[in-house]
Amino acid sequence: MTKETRRWQWISHICLASISIFCIIPFLLLIISSISDEMSILQNGYSFLPESFSRDAYLYLWEQRGQLIRAYGITIFVTVVGTSIGLALTALLAYPLSRKDLPLGKFFTFLVFFTLLFNGGLVPTYYVYTQIFDIKNTIWALIIPVLLVNGFNVLLMRTFFMNTIPDAVLESARIDGAGEFRAFFSIVLPLSLPILATIGLLQTIMYWNDWMNGLIYLTDPSLYSIQNILNRILTDIQFLTSNSDYAAQSGKTISQLPSATIRMAIAVVGILPIIVAYPFFQKYLVKGITIGSVK
Amino acid sequence: MKYFNRLKVLFLATLLLVTACTKNESTTNSSDQSEGSNNGKEETYELVMAFPVFGPVPKDMDKVEAAINKISKEKINATVDLEPISIGAYDQQYNLMLTSNEKLDLLMVSFRTVDGLISKGSLHELDDLLEKYGDGIKQVFEPEYLNAAKHNNKHFIIPNYNEMAESNGLLIPKKYVDDYGIDLSKVTEFKDLEYVFEQIKKNNSDIAPLVPAGVGFSILDHYRWYDSLGDSIGVLPNYDNDLQVVNLYETHEYEEHLNLLRKWYEAGYIMKDAATNQDSQIDLLKSGRGAALISGMKPGIAEDESIKFGMEMVATPLTEAYSTTRNVVGLNWGIPITSENPEKAMQFLDLMFSNEEIARLLHWGIEGEHYVEVSENVIDYPEGVDGSNSGYALNQNWMFGNQFGSGYVWNGTSPKLAQDYKEFNQTAHLSKALGFTFNAEPVRNEYTAVSNVIDQYKLSLETGSVDPDEVLPEFISKLKAAGIDTIIKEKQKQLDEWASHQ
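Chains as they are written, first to last, in numbering that gives the first Met the number 0: chain A, 0 to 294; chain B, 0 to 501.
Since the hints were made in silico from the structure, they are not lab data.
This one's a predicted model, so the numbers in the text were calculated from it and none came from an experiment.
Cβ coordinates follow ideal geometry from the N, Cα and C atoms, glycine included.
Among the clues, some could well be false.
[To be verified] Residues from chain B shown here face chain A by an in silico Cβ test under 10 angstroms; the list is partial:
{"#": "1", "residue": "Val56"}
{"#": "2", "residue": "Lys58"}
{"#": "3", "residue": "Lys62"}
{"#": "4", "residue": "Gln91"}
{"#": "5", "residue": "Gln92"}
{"#": "6", "residue": "Gly287"}
{"#": "7", "residue": "Asn438"}
{"#": "8", "residue": "Pro441"}
[Claimed, not checked] EDC-like cross-link-like pairs, simulated, lysine to aspartate or glutamate; straight-line CA separation at most 20 angstroms:
{"#": "9", "chain 1": "B", "residue 1": "Lys262", "chain 2": "B", "residue 2": "Asp272"}
{"#": "10", "chain 1": "B", "residue 1": "Lys185", "chain 2": "B", "residue 2": "Asp272"}
{"#": "11", "chain 1": "B", "residue 1": "Lys285", "chain 2": "A", "residue 2": "Glu170"}
{"#": "12", "chain 1": "B", "residue 1": "Lys421", "chain 2": "B", "residue 2": "Asp134"}
{"#": "13", "chain 1": "A", "residue 1": "Lys99", "chain 2": "A", "residue 2": "Asp36"}
{"#": "14", "chain 1": "B", "residue 1": "Lys415", "chain 2": "B", "residue 2": "Glu254"}
{"#": "15", "chain 1": "B", "residue 1": "Lys285", "chain 2": "A", "residue 2": "Glu62"}
{"#": "16", "chain 1": "B", "residue 1": "Lys72", "chain 2": "B", "residue 2": "Asp90"}
{"#": "17", "chain 1": "B", "residue 1": "Lys153", "chain 2": "B", "residue 2": "Glu445"}
{"#": "18", "chain 1": "B", "residue 1": "Lys131", "chain 2": "B", "residue 2": "Glu339"}
{"#": "19", "chain 1": "B", "residue 1": "Lys102", "chain 2": "A", "residue 2": "Asp219"}
{"#": "20", "chain 1": "B", "residue 1": "Lys457", "chain 2": "B", "residue 2": "Asp241"}
{"#": "21", "chain 1": "B", "residue 1": "Lys173", "chain 2": "B", "residue 2": "Asp205"}
{"#": "22", "chain 1": "B", "residue 1": "Lys285", "chain 2": "A", "residue 2": "Asp133"}
{"#": "23", "chain 1": "B", "residue 1": "Lys58", "chain 2": "A", "residue 2": "Asp55"}
{"#": "24", "chain 1": "B", "residue 1": "Lys102", "chain 2": "A", "residue 2": "Glu37"}
{"#": "25", "chain 1": "B", "residue 1": "Lys431", "chain 2": "B", "residue 2": "Glu339"}
{"#": "26", "chain 1": "B", "residue 1": "Lys102", "chain 2": "B", "residue 2": "Glu319"}
{"#": "27", "chain 1": "B", "residue 1": "Lys119", "chain 2": "B", "residue 2": "Glu101"}
{"#": "28", "chain 1": "B", "residue 1": "Lys62", "chain 2": "A", "residue 2": "Glu50"}
{"#": "29", "chain 1": "B", "residue 1": "Lys131", "chain 2": "B", "residue 2": "Asp114"}
{"#": "30", "chain 1": "B", "residue 1": "Lys285", "chain 2": "A", "residue 2": "Glu37"}
{"#": "31", "chain 1": "B", "residue 1": "Lys477", "chain 2": "B", "residue 2": "Glu496"}
{"#": "32", "chain 1": "B", "residue 1": "Lys149", "chain 2": "B", "residue 2": "Glu440"}
{"#": "33", "chain 1": "B", "residue 1": "Lys190", "chain 2": "B", "residue 2": "Glu254"}
{"#": "34", "chain 1": "B", "residue 1": "Lys479", "chain 2": "B", "residue 2": "Glu249"}
{"#": "35", "chain 1": "B", "residue 1": "Lys58", "chain 2": "A", "residue 2": "Asp133"}
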């Protein structure tokens with residue numbers, strides 16, 4: 000290795016290392032705050048080395064486990080069902096669009112592309128979903144709006160199909176007697192695992208982290224996902240501390256609001272599974288990106 | 000092509016399935032409703048009632064709802080569908096419901112949003128309905144307060160009956176008063192507070208004696224000697240001033256108060272970062288970083304605040320109680336135009352104000368399950384139940400009609416609180432402009448500019464963080480440049496117009 004390249008290695012490693020440290024530090028602070036003593040946070044602010052530790056926040060969460068486990072169940076259900084349906088629909092839409100012999104193919108592709116640029120806006124969307132499809136306060140409210148099929152993912156997958164599945168492969172399948180479905184399920188999908196995993200991961204993360212749908216379409220707390228619970232607690236606290244007019248009235252409610260450490264603990268609980276699951280998906284994600292770039 | 004068709008059919012079938020599953024629910028709902036009508040020919044109407052909740056939604060809401068419906072069906076042949084919405088999402092959700100014409104019959108509106116809703120025409124006019132069905136409501140209110148909630152001389156909202164006036168005073172934990180030998184009887188007006196702060200500082204130099212009473216609030220936000228006429232841009236000093244609107248920031252009193260605050264700040268009596276503080280007053284006092292705060296006062300405030308702060312608090316009023324429009328129009332009930340049956344909505348409102356049973360259910364839940372009577376008219380949690388596991392620990396009695404309509408008070412509060420409130424409301428001084436609401440629409444541009452200037456200067460000035468001798472003249476000249484005089488002129492015009500109708 001020449002001196003020059005070695006120096007480059009050093010510089011790039013230092014740069015990348017510092018970027019990752021900046022990404023990790025907030026997480027670390029989050030986890031440490033969740034096991035800090037409430038009083039030391041109030042007195043000295045958040046710190047990496049709190050004066051005293053306490054597991055009160057997690058004990059509180061354990062007491063409230065009924066609600067949390069339910070919310071976890073909702074989140075997992077929504078993520079699994081949403082990702083599966085979404086992935087299936089995306090693939091089923093992207094594949095025909097990738098075929099050059101699809102009649103009006105350009106038109107349909109444009110329709111998908113159009114949704115990337117324009118949408119109906121919040122009020123019409125809300126109107127259609129609540130008045131026509133009637134999904135308010137149902138589990139579908141967390142699955143269908145915005146997240147189910149994303150035009151960007153469709154175009155991504157379409158490009159992948161066009162670039163990595165040679166026409167010759169499809170032709171040989173046809174010669175061997177495979178119909179369209181057989182060709183799709185037995186040839187195209189197995190060859191497209193990297194892109195499926197990539198988009199699957201993107202969707203999983205979007206579903207796991209989503210609180211917007213719950214905020215708009217849910218008033219029934221029994222359908223809250225873990226993110227909705229966290230979001231609700233945070234907005235409640237924000238609202239009550241900055242509107243002392245209401246707060247003056249609701250002394251009893253305020254005294255029961257979760258403290259800072261409990262909020263941190265909920266965030267940790269909400270984030271943990273995705274951190275655990277990420278490394279397993281990561282290799283597919285990298286593969287998906289490199290395969291796309293080589294061809 | 001055949002395959003493509005098959006695919007299309009598959010896709011449509013899934014879509015149909017998804018919508019069919021969800022559609023079912025609404026159809027069963029409506030059939031429930033029609034089965035329920037037992038009172039002759041008229042069908043029982045289901046009222047949708049949206050209101051904010053300040054914590055988790057109680058899990059026994061449905062039980063309470065069912066119990067209410069039993070009474071209301073008999074009395075007014077209507078049932079109610081309670082739609083509690085978490086406060087953080089409340090404004091967004093009810094706005095979506097209104098704009099998409101979703102069924103909504105009763106809506107809680109706050110003083111912040113009421114003007115916008117009225118000018119958009121989203122609320123029904125209530126005068127006729129109030130005349131016809133509102134006797135119970137009228138009995139609860141002193142007439143001057145109910146009148147004060149009018150907009151453009153018409154009723155659009157019914158306020159909740161709680162404290163209709165406010166005084167200002169000092170809130171301080173009892174332990175400091177006892178430990179540091181503070182004689183609160185010596186404290187009767189604003190400048191006397193110096194003595195309290197001196198005592199605290201002398202005994203404990205680590206603590207900031209005075210902290211703001213909330214994030215984003217200045218000290219003077221909770222100490223007023225004038226009717227702010229809604230926004231403190233153009234005010235009535237001494238709640239009267241012969242209805243002559245003046246610029247608060249130019250008055251001599253304002254400057255005097257700022258000078259005093261600056262003196263306190265420099266002496267270390269006010270929290271150093273009061274202007275940029277992001278911690279709630281509760282956190283500040285609990286952690287021992289702050290000792291006292293100036294806040295609005297009402298009957299029973301010491302008990303209320305003791306619960307809130309988790310330690311025994313003492314309250315010392317510094318001003319007399321005055322009632323302004325803002326005190327009356329706090330949280331109110333309105334009937335949105337999306338309501339299909341405003342008559343029933345009004346009847347239910349009236350019932351909520353006048354029917355003890357319904358008030359008890361909304362305020363405290365079901366007897367025996369969520370509360371028990373421990374002594375006469377004093378209630379507490381049943382055995383083995385507390386705030387964390389009760390199915391209905393809403394504690395929002397001040398939001399459902401008459402705060403004392405249930406005839407009960409919670410254990411720990413004074414049993415004669417209801418009388419105290421009544422007396423407080425009846426003896427409070429009335430601002431001469433009580434009932435006036437300013438419509439800022441004609442001076443929209445100036446209003447935004449002036450609000451921005453105020454945001455820029457107010458917090459640092461009114462916490463003593465900057466020297467008023469230098470900054471106050473700068474503040475005033477920027478206000479003038481932003482057009483505060485135009486706003487005051489417009490306000491004066493509207494106020495004169497309003498006064499001529501009284």
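Next item on the list: Determine which of the earlier numbered hints do not hold for this structure and return their numbers in increasing order.
Entry: 3, 7, 8, 10, 11, 13, 14, 15, 16, 17, 20, 22, 23, 24, 25, 26, 28, 29, 31 and 35
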